[in-house]
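Trainee: One letter stands for each residue in the lines below.
Protein chains: 2
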Amino acid sequence: AQVLPTKKAKLQRTPFEDRAKLCKNAVGVALFSLMARKKTNLCVAADVVEAKALLDLADAVGPQICVLKTHCDIVRDWTDETGTQLRFLADKHDFLIFEDRKFADIGNTVVQQCSGGVHRIASWAHFTNAHALPGDGIVDGLRTAAGVENHGLLLLAQMSSAGNLLNKEYTSACVEMAKRHTDFVFGFISQERVIEGSEGDAFVYMTPGVKLSQEGDGLGQQYNTPTAVIADRNSDIIIVGRGIYKSDNPAATAAIYRKQAWDALA
Amino acid sequence: AQVLPTKKAKLQRTPFEDRAKLCKNAVGVALFSLMARKKTNLCVAADVVEAKALLDLADAVGPQICVLKTHCDIVRDWTDETGTQLRFLADKHDFLIFEDRKFADIGNTVVQQCSGGVHRIASWAHFTNAHALPGDGIVDGLRTAAGVENHGLLLLAQMSSAGNLLNKEYTSACVEMAKRHTDFVFGFISQERVIEGSEGDAFVYMTPGVKLSQEGDGLGQQYNTPTAVIADRNSDIIIVGRGIYKSDNPAATAAIYRKQAWDALA
Chain A
1 AQVLPTKKAK LQRTPFEDRA KLCKNAVGVA LFSLMARKKT NLCVAADVVE
51 AKALLDLADA VGPQICVLKT HCDIVRDWTD ETGTQLRFLA DKHDFLIFED
101 RKFADIGNTV VQQCSGGVHR IASWAHFTNA HALPGDGIVD GLRTAAGVEN
151 HGLLLLAQMS SAGNLLNKEY TSACVEMAKR HTDFVFGFIS QERVIEGSEG
201 DAFVYMTPGV KLSQEGDGLG QQYNTPTAVI ADRNSDIIIV GRGIYKSDNP
251 AATAAIYRKQ AWDALA
Chain B
1 AQVLPTKKAK LQRTPFEDRA KLCKNAVGVA LFSLMARKKT NLCVAADVVE
51 AKALLDLADA VGPQICVLKT HCDIVRDWTD ETGTQLRFLA DKHDFLIFED
101 RKFADIGNTV VQQCSGGVHR IASWAHFTNA HALPGDGIVD GLRTAAGVEN
151 HGLLLLAQMS SAGNLLNKEY TSACVEMAKR HTDFVFGFIS QERVIEGSEG
201 DAFVYMTPGV KLSQEGDGLG QQYNTPTAVI ADRNSDIIIV GRGIYKSDNP
251 AATAAIYRKQ AWDALA
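Protein sequences appear in the order of chains A and B. The opening residue of the first sequence carries number 1 in the numbering used here; numbering runs sequentially from there. The opening residue of the second sequence carries number 1 in the numbering used here; numbering runs sequentially from there.
Hint data in this document are derived by calculation from the structure and do not stem from the laboratory. Some hints could be false.
[Said to hold, decoys possible] Calculated pairs, EDC-like style, for lysine to aspartate or glutamate (alpha carbon to alpha carbon, straight line, at most 16 Å):
#1 B:Lys168 <-> A:Glu169
#2 B:Lys7 <-> B:Glu196
#3 A:Lys168 <-> B:Glu169
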């Protein structure tokens, strides 16, 4: 049942600045504009467990990235100040903050999870993501929690982990859900571009599990290379975690990933 | 595609004390034993946003319940002490704590989300739950994070929200995943008993979205009555949230739900 994307036909890419005009969510517009302006389609997954390490990493890779992906719930000493400082670094280096929360509950619950609690995600993240699994109520709940003016949402259309249950039928249902909520949902976490043609240009496609070398992690993660993701599968943004934050020089390594991913667009 | 359970054939119920002997996870064994000893199959969903309110509610409904269901990430002033106090109340009133985290990420990430961060879920929750969506790696990751000795896991086999994507094929895949991990997975969040016969007796079935009166919440939640869930669909435990914590007297209301749910087993 698992989606195993293969090489797609060469995409005649619409420039990101033109796709900004097609997108109906303000954060999506900002992201496409930023990518065109800064010439980067690299997202770094900052999976570190201390606030200082998170901020240091954000400051180091900031110049190379369009998006910083966070897991605030793995940071042991997270405080309101961590969110404030992240936002400061986002302004300093011109990137957006994506809290990879993978919301997966009913609408009434995600309202609280997104706006409340210790993390108050909606107060510092530009966008977050959700599984389509619980139905449209999850999108409605997150829209209620965050608003469409300064926030956006990605849906998880495909995953890279072994034996995942996001089959073609599921991906299609997820795509249809996104099309029903274009004021708020501006893209997908996916292994490939999941909407073809000009309709698909209005959404962004971000692909995790990217490393320069292909291998696994022993817990089901399966890696892809930047070129495979961007040139072969027509995704837009590579998400790189351990390949960068575990390297000796995250800033320099990020620059290498950035160039490979951007060159793969041509 | 949505699962809309209907009335099932009258179940010849195996006593909970006997099901304790069939279950392979220590927390599952403890839960079945507790239900038999305390004569309750009521779980209260403590969806409140302040630590004091959470602890007060747990203390008030504690004598009526087998399980307290938490969303630690909606509590704005959560500290380590909140988890410690919850655990104290669990011992005082003889109930288990179920953090309804709905983990939904890859194995490597859920390890950190379950054991680390501000909430350190594995340090105070007896069990938690996960979506089967990312594949077996999510179970392996949570097993790594929490251990099988003092922790257990439920999988979400069905949801109650409108338009959810957990169809029959998905539920079957989820059930098969649980059967592959009986050392750790001891049951399901579901709308009905999802495994028939003696094999199914080894697992517990917990059903959310229960109220004495049927209605919706405007964000996709659809409610069921205690009798419909236990007597008609052969689930084991009702999960009641707003019906109890928003009532004028949660302790007295919990006692009403408790009696209805227990009587429905007969």
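Trainee: Please go over all the hints and tell whether each is borne out by the structure.
Mentor: Do the hints match the structure? See the list:
Distance restraint check for lysine 168 (chain B) and glutamate 169 (chain A): the Cα-Cα separation of roughly 13 Å lies within the 16 Å cut-off, and the hinted pair is therefore satisfied. Taken as a hint, the lysine 7 (chain B) and glutamate 196 (chain B) pair is honoured in the structure, with Cα atoms around 14 Å apart against an allowance of 16 Å. Taking the CA atoms of lysine 168 (chain A) and glutamate 169 (chain B), the gap is about 13 Å. The hint holds against a cut of 16 Å.
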